[in-house]
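Got chain A; can you put chains B and C on it based on the hints?
Residue numbers (numbering that gives the first Met the number 0), protein chains in the order written: chain A, 0 to 791; chain B, 0 to 287; chain C, 0 to 160.
The reader is advised that the hints may include incorrect statements.
Derived lysine-lysine pairs resembling DSSO-like cross-links, with alpha carbons at most 27 Å apart [claimed, not checked]: (1) Lys-168/B to Lys-207/B; (2) Lys-60/B to Lys-83/B; (3) Lys-404/A to Lys-445/A; (4) Lys-83/B to Lys-116/C; (5) Lys-12/C to Lys-116/C; (6) Lys-173/A to Lys-152/A; (7) Lys-779/A to Lys-244/B; (8) Lys-102/A to Lys-69/A; (9) Lys-34/B to Lys-127/A; (10) Lys-83/B to Lys-167/B; (11) Lys-34/B to Lys-131/A; (12) Lys-127/A to Lys-279/A.
Treat the hints as calculated values from the structure; they're not laboratory data. Predicted, not measured: the structure shown is a model, and the values here were computed from it.
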Amino acid sequence: MKESERHTPITDLLLAQRTHNRILSIGTSAPRVDAYDKVTGRVEYASDYYGNNVVWAGVKRAGVPHARLKTIDSSRAEKHPGFICVLTHENVSGTNRQGVVKKDQPVLVDDKVRYCGDAIALVLAENKTALKESLDLITLDFISLPPVLDVEKAMESGSPLVHDNNSDGNILLKGELRIGLGSAAEEECDFLVEACFETQRQEHAYLETEAGWAYMDEDGRLVIVCSTQTPFRDRMEVAESLGLDTGRVRIIAPYTGGAFGGKDGVTLQSFLGLAALNTKGRPVKMCWDREESFLAGTKRHPARMYYRLGAKKDGSLHCLDVRLYLDTGPYDHLGGVVLAQALEHAGGPYRIPNVVLRGWCVYTNNPIGGAFRGFGVTQVTAAIEQIMDMLADRMDMDPLELRLKNALKRGDKNCVGKTLVSSTGMIDCLEILSKHSVWTERETWKRSGVPFRQRGVGLAAVMQGLGYGPVVPDYANAKVELTSEGNIRVYCGVVDMGQGNDTANLQIVSHILGQNPDRIELVQPDTDRTLPSGSASASRCTYTFGNALIGAATTLMDRILKRAADFMMAARNEELVLVPGGVRCLLTGHEIPLSKIAKLLSHDERVATHHFRAPVATEVITTDQNLRLHGLPHTIFSYAAHLACVEVDELTGKVEIKRYLAVSDCGKVLNPQIFEQQIHGGIAQGIGYALSEDLEVLEGRMLNSNLSTYLLPTAEDVPEIYSVAVEIYEPTGPFGLKGVGEISTNGPLPAVSNAVADACGIRVHQSPLTPERVLGAILKNRGRGEHVEDHV
Amino acid sequence: MREVFLPQRTEELWEILKREPETEIYAGGTDLLVKMRSGHVNPPSLVCLERIESLRGVFDKGKEVFIGACSTHSNLLEDPVIRKEFPGLTRGIDVLGSPPIRHMGTIGGNIVTASPAGDTLPSLYVLDAEVEVHSKAQKRRLPLRDFILGPGMVALHPQEVLWGIWLKKQPSWNVHHYEKVGRRKALACSIASMAALLELSESGTVVKARLAWGSVGPTILSFSHVDNNLIGQLLSIETLSSLAKQVELSVSPIDDLRASAEYRRTVSGLLLLRLLYYSPSFRQECDS
Amino acid sequence: MSTLRITFRLNRKEIQIEAAPDRRVSDVLREDLGLTGTKESCGAGDCGACTILVDGESRLSCLMLAAQIQGHEITTIEGLAKDQRVHLLQKTFVEHGAIQCGFCTPGIVLASLDLLKRNPNPTRAQIREGLVGNLCRCTGYQKIVDAVQAAAVSVQEEESL
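Extracted from the complex, chain A is given alone in its bound form:
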């Protein structure tokens, strides 16, 4: 084919991309609205601004896990020709404290260092090279303190304290829940299994590292453009910590190059703000390199989980005892919320009448534990789903049967005693899985392996709560405008970090207002222009904002039709309909363009807003107000059943996932292609969590902080994924949908572990399942004296 013939006219592409000649429908795979700009390299991410006369800012970080800061010596740096200035906590006028629940993290350290990534000083320089060289020329002097490194040791009396003023030693949050007889019911069980599982620290590793730029505008207001999931909350945190009036700070959030929870909260915003206040009017830019992103950013909490699960001989689960420890690092950073969500999901999607759950979220001097897709559910799912298989094995019961027998149905109470009032598709997912060819053909598939490569299959049943729990409001404010030209402008409140909610917003508005996409403009989150709508997290982006958007678009539609009805002398709104570009009277056929209607409405009338607050649980399942505040319980849950088909190489311990099936209940699907994108992406991250990703920390120091030693799955590490959506209508969701952002991340680790157990009869209780751990378990299981030939 000639080079020229490989090109497609741009009009064709716009057609495909925005289907500009027809209204978008709910339930169709409208191509993503941002795709064209991304595939041509035109989107400007926060790191893409280079500007004029830009100052480069960078952070000098501690490099030690626990210490008192003695001196900062910048005398050598000051001699560097490109050096501008160095700022410390003394230059911070506000509280110098950040955090979502508990504000315990300094912008710049003023008392002591609590982890290697703690920020000590902010350096401003003329260019990137001068910045790096200046940072290297700054020396820090510390008095080392004994570090707190292990969660259980951190709770012993006499342990050094991470925060001297913390009310409960090194415990950030603890919780205890008891249902029924608690562990006294163990006596009534016919089968009891016990296990400890340890899951690792996982790095978000978004491709776009933390970046942004800032400047003071002509009105003296601080403007920050940054890669973030939380522009409105950031604004508050920056204002408080730097001592500014919230109204004097503006945060703009462009498309983000991935976040997954790692940009939920302040990362570099306060540094940018502090720098911009000190550059005498010049814009400032900051971009973390990969190593700094590893060092300073938050991680998935590593967990140690002690489980005891008991059942009756008829297969019904009878009691559960869980002790759960999360290493939250030195700062709150949503750690308590992760613990609460972990406790809530610790029993999985099952009916268990007698439960005792105890959890501790513990401060250490290790890297900061924070929000990461799955948010505590990923850890406990790994435990409950593995111990379920261990129980099935002990009872000689099929693992799918055991799950079907105990799976939650609507109206049941879950393991924390919460009645499931919303759509509950767990059994539907398991039933559909049981009929899928990947499951029905599993025995044939298992027998067709090659020598030394054993095949096995493993299940996982998953649930994930949506939103923030009963106390912290999960709200959104949508704003939709009929512009004076007669177009539609949607003020998107929740950041699109790759999950595609911009396109969902476009679909909703196009559908309600009956307009083609080429007449609809999206405004990205901007604290000056869009309205507070909460974080891009917790699987609530499209659920909560979508509901608000339906309200705003419907309000605007009513106003347009009412005014048009008056103008066209129609008796009622119902005689009129919005069509692309205008309003048509169905009785007379008369049509007027939207541009004309826009002139008939005042500016205020042309802008419709709607506030939506997500429903919360009515039941109070704990009297612990602190635990309630941290999110217990949720009320809307998504469900899924996963199946992993693996091959284990008995010569090397390598595990290869050959096929993967995910059957998911996330309500009605608004856009099947975007739905699949989320399922695939979550599974890929889960596969990394299962097999290759491990952020190793020794004595508080990271051992592998780059992408050659921290191993993300490549295109050859993720198999073909079969995804099926079980579309159970959720009445409270916009067009019946629920959250899909997180749930699929929770399946791979337990499904793969269960598959490895099926293949080789061994279980590795620590993740990831590296070749070394798997081979070690295989050889130990055989006893080294046995011969390999017995197992070919």
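Using the frame of chain A, we list chains B and C on its own:
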């Protein structure tokens, strides 16, 4: 700011090397530039070899093949002579890095970097590769196993450049094997690897054998006692299992971030069992 | 020491720049020439986000120095569209949902272009093998493979007409 010299003729190269004793030489840059970024090396200037034509190419000289040191990995993957004569080496290059890294990285670079985990190295060892080293004054040729001295150390004197690799064609050998173990399927540093060159008779008896292991010692390791113990044997589980134990005792791996010494030791032996795939009787058994 | 005058072709246009000889090509493109479509994500050759084409071959611009590009033809993502027409691969990426956050997209599209030039009719496994140098954290790769396969099929169909 550093000068970056890109000589096009060898005379230029010798002049620059004489003038810039502290310079560092690179071809693809996939090793050196990474080391510079992390601060491990900080040369005052750089010499890039990519424009010197005589440093590239694959030359079939009849009984031997000469590979220019700056031939990129993808040049070699696409070369019909390399693919036909040296399938084990081809396999090693196939699992090295990623496509863009293979477009930039060179076989010479892989040799001079002399990582114990270098993906081309085990195959080059079993092929009894020789290297040709040039300086302004002379050319010399020596076995690869004498050229690589230790991790990151090669027998290059100042102002000498690795010019190319000589490989003898090995038509009687009928098994050219390479396996790399990494912690993910691709783009992973090898944690254990094994190359094997075997001549099997029709019945599956080993007539000749050469094996070599990577990532289990300071350089590529091979053991004549292991090679010799295979001769005259049928490839069977018993033979290979017992040899595996000998190999475990002979290798000298270390603990590092990617794997423990114990794992490397165990796997270096177990990898021998993969050779069963080449045994006609084993294959027959499996098919039935 | 002074900067180097470098003449090369960028997206089919001849240009001349002044740059430090050891300046990274990714910095030349992004900062000096304003072509921010080429991304930096690791700076060490581990992720592929900085992939460009040099004389049609995929290379990592974070591991290339300015002095090296003299006389070569460089293609960045901004150069794929020609005369207001986009490349078939860009179209299939959009249609098949192969783009989420979009940060890996420029690099992986160019890597795909190189792959299809070398192997115009790849299997799905060969596509995956050809893209191992480009990490994606959002998509799980499947729809990217769909998009590359669709572009290959499309070319095959046209050629058989």
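Hints, one by one, checked against the model:
1. Lys-168/B to Lys-207/B: holds, 15 Å
2. Lys-60/B to Lys-83/B: holds, 15 Å
3. Lys-404/A to Lys-445/A: holds, 25 Å
4. Lys-83/B to Lys-116/C: holds, 23 Å
5. Lys-12/C to Lys-116/C: holds, 22 Å
6. Lys-173/A to Lys-152/A: At roughly 15 Å apart (the allowed maximum being 27 Å), Lys-152/A and Lys-173/A satisfy the hint.
7. Lys-779/A to Lys-244/B: This hinted pair holds, its Cα atoms lying about 17 Å apart.
8. Lys-102/A to Lys-69/A: Distance ~24 Å between Lys-102/A and Lys-69/A Cα, so the pair holds.
9. Lys-34/B to Lys-127/A: holds, 19 Å
10. Lys-83/B to Lys-167/B: holds, 13 Å
11. Lys-34/B to Lys-131/A: holds, 16 Å
12. Lys-127/A to Lys-279/A: holds, 19 Å
When held up to the earlier numbered hints, the structure conflicts with none and fits them all.
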